[in-house]
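Enquirer: Heads up: the sequence lines are chains A and B, in that order.
Residues 1 to 468 (this note's numbering) make up the first sequence, in order.
Residues 1 to 468 (this note's numbering) make up the second sequence, in order.
It should be emphasised that the hints constitute simulated quantities derived from the structure, not laboratory data.
Just so you know, these numbers come straight off a predicted model, no measurement behind them.
Which copy is meant is left open, because identical chains are indistinguishable; a pair holds if it fits in one copy or across any two.
Once the Cα atoms are required to be at most 16 Å apart in a straight line, the calculated EDC-like pairs of lysine to aspartate or glutamate come out as:
{"id": "1", "residue 1": "Lys399", "residue 2": "Asp460"}
{"id": "2", "residue 1": "Lys96", "residue 2": "Asp61"}
{"id": "3", "residue 1": "Lys96", "residue 2": "Asp69"}
{"id": "4", "residue 1": "Lys423", "residue 2": "Glu121"}
{"id": "5", "residue 1": "Lys423", "residue 2": "Asp120"}
{"id": "6", "residue 1": "Lys96", "residue 2": "Asp72"}
{"id": "7", "residue 1": "Lys214", "residue 2": "Glu241"}
{"id": "8", "residue 1": "Lys444", "residue 2": "Glu421"}
{"id": "9", "residue 1": "Lys62", "residue 2": "Asp72"}
{"id": "10", "residue 1": "Lys399", "residue 2": "Asp294"}
{"id": "11", "residue 1": "Lys253", "residue 2": "Asp279"}
{"id": "12", "residue 1": "Lys9", "residue 2": "Asp69"}
Number of protein chains: 2
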Amino acid sequence: MAQRPSIPKGTRDFGQDEMARRNYIFDTLKSVFRTYGYSQIETPAMENLSTLLGKYGDEGDKLLFRILDSGDPFSGVDMPSFRNEDGTWRAAALSKELCGKGLRYDLTVPFARFVVQHRDEIAFPFKRFQIQNVWRADRPQKGRYREFSQCDVDVVGSDSLLNEMELLQIVDRVFSLLDIRVLVKVNNRKVLTGLAEICGFPDKVTDITVAIDKLDKIGLDAVKAEMKDKGLDDKAVAVIEPILTLSGTASEKIALMRGLMNGGSASGVVSQEGLKGLDELEELFSLAGSAGIDSEVEIDLSLARGLNYYTGAIFEVKALDYAIGSICGGGRYDNLTGIFGLPGVSGVGISFGADRIYDVLLALGKFPERLGSSTTLLFANMGAGEVRYILPVAAALRKRGVSVEIFPEEAKLKKQFAYAEHKSVPFLSITGASEAEAGTVNIKNLEKGDQRTFLSSDLDGILAFMGV
Amino acid sequence: MAQRPSIPKGTRDFGQDEMARRNYIFDTLKSVFRTYGYSQIETPAMENLSTLLGKYGDEGDKLLFRILDSGDPFSGVDMPSFRNEDGTWRAAALSKELCGKGLRYDLTVPFARFVVQHRDEIAFPFKRFQIQNVWRADRPQKGRYREFSQCDVDVVGSDSLLNEMELLQIVDRVFSLLDIRVLVKVNNRKVLTGLAEICGFPDKVTDITVAIDKLDKIGLDAVKAEMKDKGLDDKAVAVIEPILTLSGTASEKIALMRGLMNGGSASGVVSQEGLKGLDELEELFSLAGSAGIDSEVEIDLSLARGLNYYTGAIFEVKALDYAIGSICGGGRYDNLTGIFGLPGVSGVGISFGADRIYDVLLALGKFPERLGSSTTLLFANMGAGEVRYILPVAAALRKRGVSVEIFPEEAKLKKQFAYAEHKSVPFLSITGASEAEAGTVNIKNLEKGDQRTFLSSDLDGILAFMGV
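Please model the entire structure based on the sequences and the hints provided.
Expert: Listed below in structure tokens is the structure:
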């Protein structure tokens, strides 16, 4: 017996039940994105390596899946020149020589490339969503895959805070439809810059935000220790500490922060950038109030999410009833397309984590029933003549949109029942010669056990009985 | 100015209009597949190279995109041992050493791998469809891409001809919904085997079918010449020739062929295999008659489509009103899973060519109108106060499923109009301070030019005016 075939580690097959559940999530996202005027695009799985390299840091470069050039990639490459004196290889350089393409690592860089490449065809502001797979050569572990789906929604070419607010509305609507209670955390990169300014270390904004971003994971004392490690003095830490543990409503937090940014902190420094960030936060909450958002939205001044990328609003969404980390996040960036030669295009976007949302829905039992089964009605196969009698009935039901199967073999009924059970088919018809004679079909509700007989032409009756 | 970024040759970006059209095709396929009880699965983009190699012939092996192993793939590889004496490299062997994974080349081999790997969880007959991209390092040319979508629907684990007939029904329904008139050609591999037997060259079945498969492209004389090249004598060619140009209804063709297979040809040879193939064709047409199929279905004895793969029915679909080659095809195979150690699983399937169907629909103007635009109503941005007035109205319309945008910037109206025009938004609202005062919104049909004013709470009226 040959060994069973397998798939590369970190990748997954999705069977019918998983697909039905995943499609439920994707369809919900798409339907909401569309009501806000976002249009779907797709980009190739492979990008030129020059598009990808250097965009995700050194660590990211290592995690790119590279595609060996087709034909003979080795001829014309001076292989020995890629060898170090100790006999090891300069793997990165040689990989680059042998591979001109890589699999996309996220949807953001391909989107930036798309915007620059197609800028003459695009109407700005450009509102796009994209749901595609990405690949990362990460060490596979629970919940971390080498191939996974990203669901990104972004608008570029507009500075208006209305865009940020619409993303909050989208988040609110998506999780309301999915019936997941969420907490939406909001921050603003400019406030973080202001924080670094008023504590007297404006050049340490990265170190400070990297440290406070860990507050949830490592706790206040460790964050303070890390800031000191990075060179902040006690006075600076004393300015930051109370801000991290700030409580109250959004307006209370903003009012308090406004005082501090306006010279009211121990340092007495005024931060114009910080004040601008607070204005933006205030405007965002005010717009959200006009639009009406049901989800809980709070200001979290420790939220940073990859600081170097974001320039304005920063978002993160957590499920309230299941601990799994962030299930959605994003923010505003001001120079996404600059790396490809088109500066000055500001954008804001969020990304939904389909795998985590899947886990939340599954854990909370929130997937709708009947998603898992594709077939509504199975006609048992009672013989060639009965099948011929059933064929036009099945065809008519299918035209009405009902999912119908006729068991293809005249197998023992026990086997046919087992098939219906395995596929969770809710309705079964055992239409035999006498029904064919009478021009009827009988249909049994396998869950409730009740059975009825219909004229084969009574499609409305059959549909009503099956509740479709 | 930096050079504009680009994508690898043979790959494509899909913008919003192309996506809308592609989704229309995919959604139609999915809806029909589902009414026949087929369930969607997905497999990883990357498969182990051992899964893919040797499945598509030597030429196919060369066209596989290989993924360089992550980390340092070069250490531990004795590179010089892959060098030929003339200094060239044994590219295939070295690629295999450096790359353990490849991108899938089609959906059939991954499906076979899936069935074998998950056979304990699957209920047979297993009806699956799969719509995913595949990658081939082919020379790119018009209509041939290095990344493209395949749409496959297969059932494995059942010998019943009902499956073949259901695939004909699926073809019929799909192209009826897409409003493409098609000709469905049907043949049977066993009849081709019979043909080789009665012409006296049973071992030349591959050569014969490869030759006659070209009839459409190269014409009868060239086919005859090729058969002679392959070693057939004049007598054998004389047996085959009239069969290739056979006309008449399906029953007439079957009756005539039955005579020939039953010893009535010049050779007098009887072919049991050929007679079995004719029985299958007859049964298939008979079942189709019971089910009711509107498309034109004809027997084409020159249809072969990759003979070594198929063992029974062979299908091919052509558009009647646009010449583009086959837009759908498939057949029965008897040992798909044997290569992975699970023999004896028969299956039948067809594959829809999304790119060609796209071209046909575009050329014939058969895409529905309004697919291209995602946004139904654009509210012009007349200022911050007006936006706040509009926000809850827009939110309420979106909850009713309408795609609504509010232009994010208070830009000149000319610019906002241009945006609406570029996106082909059909309805525009210029709701200003006086409308806000009166609690109304006005909506203009940009196509017809008529405009109406509604109470902002009159969602039903607004929806009716926009016809959604």
